[in-house]
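Peer 1: In order, the protein sequence lines correspond to chains A and B.
Just so it is clear: in the first sequence, position 200 is 199 by numbering that gives the first Met the number 0, and no numbers are missing.
Just so it is clear: in the second sequence, position 2 is 1 by numbering that gives the first Met the number 0, and no numbers are missing.
Hints in this document: simulated from the structure, not taken from any laboratory.
Some hints could be false.
Some chain B residues flagged as far from chain A (calculated, every beta-carbon gap over 10 Å) [what the hints assert, rightly or not]:
| id | residue |
| --- | --- |
| 1 | 96 |
| 2 | 98 |
| 3 | 138 |
DSS-like, lysine-lysine: derived pairs with alpha carbons at most 27 Å apart [what the hints assert, rightly or not]:
| id | chain 1 | residue 1 | chain 2 | residue 2 |
| --- | --- | --- | --- | --- |
| 4 | A | 218 | A | 163 |
| 5 | A | 163 | A | 102 |
| 6 | A | 102 | A | 192 |
| 7 | A | 156 | B | 174 |
| 8 | A | 156 | B | 92 |
| 9 | B | 92 | A | 192 |
| 10 | B | 274 | B | 92 |
| 11 | A | 192 | B | 174 |
| 12 | B | 271 | A | 218 |
For glycine and all other residues, C-beta sits at the position ideal for the given N, C-alpha and C.
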Amino acid sequence: MTESTNMEIAISHPEKPDLLPPPKPPGAMRRLAAEITGQAITVFARAITAVRADWRGIEPVARPRVYFANHTSNADMPMIWSVLPPPLRRVTRPVAAADYWLKTPLRAFAGGEVFRAVLIDRRPEARTQDPMALILQAIDEGSSLIIFPEGNRNMTKDPLLPFKAGLYNIGSSRPQIDLVPTWIANLNSIMPKGEVIPLPLICTVIFGAPIHVEDGESKDAFLTRAAESLAALAPERRAE
Amino acid sequence: MSGATAQIILLTLASFGLLIALTLFGEYLRSRVPPGQSDPVVETYMTRIYSWWTMVIFFALALLTGLFGVVVLFAFSAFAALREFYTFSYKSKADHLALALAFFVILPVQFALIWLGWAELFTVFIPVYAFLLLPIVSVLRGDPSRFLNRVSETQWGLMICVFCISHVPALMTLKLPGYDGRGVLLIAFLVMVVQIGDLLDIYFGRRIGRTRIAPGLSPKTWEGLVCGVISAAVVGALLYWMTPFSPIAAMAMAAVASVSGMFGSLVLTAIKQDKGVRDWSHLIPGQGGLLDQLDNVIFAAPIFYHLTHLIWAV
């Protein structure tokens, strides 16, 4: 504990407060530790929430894809990651915020080495790399991605917040990629914001039919269509 | 204990024999399907048989370990059942702590009380203490919207999934004259007569069923139910040697357990339809959730426990 605190202080820098340097390529021991941690997260997710995949609109085959999902809880990404079959999981990388995942050495290990996240710096004034370039580079290397186009956790009563442009930019730059709407059901009750104890309720991850940016489709029209395809997967709730 | 153990092993071997026959039958059906194809009906049948293998093995292992094994098996079953129930129950953020208490405090305490054999406490712990405590925990968060709906569904989940299920291992804690150390056979008896009655209810319901019990809710028929209960009673009479009952009493107890189980399954079907789901979960391949599998035992167990306690216990 003391050691990690010291490390944080040591690397703190006036211009880039609170961020660790991007992770270096790990050694064999750390790769093994990351592998074991990943398995443990999967087993834990299954034991507590009995998380289950519903491949409703697409088959679980290893093709480069972008899974875009609703975002209500910090556990969203590990849930999607846990339900992917292992061959798919190995090539799937979440796109995540560097300011969250590089805050402590533990998070840097989890984000960088367990989930192998594509880390995006959300501070335009401080960043050295263009986020979209990093994302496209990951796709060109053959990775699938998990993204949360709402940008932030949805704390409202609406099913989805307005989508950010990233999904459109990916879809128009790499039109052959399947954009897979991915609805995570029930996580909101499992771990609402501000609660400490997760409830062991059943979580289902629903994968819908993939969409693509069509010729001449405008950004707004596409983002609306994408949000509709995602919201359509939500299990029906009875009228209040 | 050794006599009971020998009888449990005998029953397990008999169940294995039955499952081997059913598995071979499935493999025979599979071999008749042209190569490179698969028949969905046969595959569903085989999935169900495999699930039955798993359930029989778990159940037999628990029974052979004695009270502790049975308590642990049913505590985990109650946990899985409660998880299914609360996934669909009406709740708000204000109930988070109450629900966490239900899962992580009330459920383990109830099964610990069974293990300790404190009948005075485990029969009132959930109907009295949890019943009064959890609404208090919820009300402290100060959200009155649909309050009665929320606390009712929370309490219902505890009664069905924890209180009722815990009465299966509780059968082992009854003090029955001349039946020392054989309580585990009573559990095997209850589960067998209820499940066999249910299977034959479905079989006869399909063959001769005419009059629906609850039209629009379930395909269950009065004809199927009567045949199922009679079959359960006959099986109960044949298995009377496992119980502290006379053959006639074993028959009556089997019939009572079977009837309450069948109506219990109907009640849980109504809840599922209200919540708009076909199965409670996908925990058991080919069979749905644990609540789908245990719905009959859940309603049969408390009544079976109390009648045995009332008439036979000292």
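Peer 1: Does each hint hold? Answer for all of them.
Peer 2: Quick rundown of the hints versus the structure:
1. 96: 8 Å, violated
2. 98: With a cut-off of 10 Å, residue 98 of chain B comes too close to chain A, as the shortest Cβ separation is near 5 Å.
3. 138: At roughly 17 Å from the nearest Cβ of chain A, residue 138 of chain B sits farther out than 10 Å, so the non-interface label holds.
4. A:218 / A:163: 10 Å, holds
5. A:163 / A:102: 24 Å, holds
6. A:102 / A:192: Answer holds: residue 102 of chain A to residue 192 of chain A is near 20 Å, not above 27 Å.
7. A:156 / B:174: 55 Å, violated
8. A:156 / B:92: At roughly 12 Å apart (the allowed maximum being 27 Å), residue 92 of chain B and residue 156 of chain A satisfy the hint.
9. B:92 / A:192: 9 Å, holds
10. B:274 / B:92: The hint holds at about 19 Å.
11. A:192 / B:174: 49 Å, violated
12. B:271 / A:218: Violated, at about 42 Å.
Hints 1, 2, 7, 11, 12 from the earlier list are contradicted by this structure; the remaining hints agree with it.
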